[in-house]
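K.L.:
Chains as they are written, first to last, in the working numbering: chain A, 351 to 521; chain B, 134 to 483.
None of these hints come from the bench; they were simulated from the model.
If you're wondering where the values come from, they're calculated on a predicted model, not measured in any experiment.
Built from N, CA and C at the ideal position, the CB exists for glycine as well.
The reader is advised that the hints may include incorrect statements.
Sample of chain B residues facing chain A (criterion: CB under 10 angstroms; computed from the structure) [unchecked claim]: (1) L168; (2) V206; (3) L293; (4) Q358; (5) P453.
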Amino acid sequence: MQVNTMKCQHCEKPATFHITELTGNTPEELHLCEEHARMYLMQADQPEEPVPTIAGALAQHLKISQTAEELSSLDQESCPVCGITFYEFRHVGRLGCPHDYVHFEQELEPLIVNVHGSTAHVGKKPEQGSTDTDARTELIQLRKQMQDAIAKEDYEKASEMRDRINKINNE
Amino acid sequence: MSIDELAPKCGEWLKGSGPESDIVISSRIRLARNLADFPFIRKCSDTDRIEIENTLHKAVAKIDSWQERVEYVDVSDLSELDRQFLMERQLISREHSEGSGARSVAIDSSEQFSLMINEEDHLRIQVMQSGFDLHTSYDFIDQIDNLIEQNVNFAFHARLGYLTACPTNVGTGMRVSVMLHLPALVMTREIDRVLRSMTKINLAVRGLYGEGSQAMGDFYQISNQVTLGRSERDLIDQISEVVPVIIEYERNARAFLKQESRNELNDKVKRALGILNSAESISSEETMHLLSSVRMGVNLGILDNVQIPTINKLFIHTQPAHLQKLHGMELSSADRNAARAQHLRRSLQN
Ligand SMILES: [Zn+2]
Ligand SMILES: [Zn+2]
């Protein structure tokens, strides 16, 4: 049996990735080296964004730095504001609310360093108050409680929530 | 302005003017922003999405100088064809087109900017320009961002900057993309080497894809990967330094081809125009490849009876949704190929 003598379709390196593309009419076999496979997958995935596999990158990072138990308890950790679990974030690569950057600060840091090579913003700041907006996440919770109250037809509670939201908004 | 009125026109960014526009098709800057008092899209209820839309619509309506300029399109209410049309026109992204739930786009009448609402982030501001002048584009988008920000609270973290649904955009929330036409580097097979050097300096490179995700050859987009730890101006300076290097490589390759394989080059260019001028049926991919050769031929003075703006416009108008909108009806793939050939003959013969 031959072992891995196939060359990459785009260069002289050995093809270590064998991809079957199913998007066309007939399945297409691609044989690529690691570098070209990465280029191919980045292009095929999402035409807009250059870093599509963030969840994958993160999962990879976690695999080397955490034990299985550590990872499974981390996965169950959830944000008190939006309820997203770390497991959900790892799988979809999207966060649930601005407070996740505070709640999962430590867990996100290695990933952010990996992507950006930095941990601090040095660019533009909002003109009106360049301070943290985390206090406003209270509004996310109040709005959720209001929507829940409406769903349960508890209109008294809903209007109480509405008043509190308006009060914060007018401060 | 309705989508049907938009179809026969073409955006400012396709007019083929601006610095280096023989090689740089267009420059685009995008800012990702989220409202501080709402969850990110993934955790939004239907009510939240509607409220986000209302909040942003109100904030935009307060900008007096835009009253005549900006038009809303409710993306959730559009047919698949109309959504594809806006995507071909680069006014909305694939994610926005194929998403679900309340979402909309505000379109500037000259198509110099668009505001996608409820895309991956609550707001994506996008500025498009013909040719290569990122500093002017940044001044423009910065001003748009400031105008909207006067009326809303964007999620911001003292250390991490603007907060985005995906940590790959956090910080500036800015993605700068430059679309380059590099046919000579492709012909001389130097393209891989040139592009590989880009990824080493943290810039992403991707080919342009058409129907069925087959590469359309000679178009490449360069964009920044990093959004945190460098200022907007810094990121723009970096791309502004790198792109001229690629332009130089492409110019050298064109000069080389003109000198060393003049006959082959002339043949390739004139055949391309010949096919476009006379085909009875033609696919979108073949059209792209041939228009690419013709475009290079015009820029090298091999062809003088075709104008660059005409070709730039054809790149967009021969794409499936545009073709169907211009034709006024939905067409099968075979009918599209015939309609495309007819459209090309008409546009190139007068
Ligand atoms: Zn390879
Ligand atoms: Zn959250």
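K.L.:
Against this structure, judge whether each hint is valid.
P.N.:
Structure-based check of all given hints:
no., hint, result
1, L168, "holds, 9 angstroms"
2, V206, "violated, 19 angstroms"
3, L293, "holds, 6 angstroms"
4, Q358, "holds, 5 angstroms"
5, P453, "violated, 15 angstroms"
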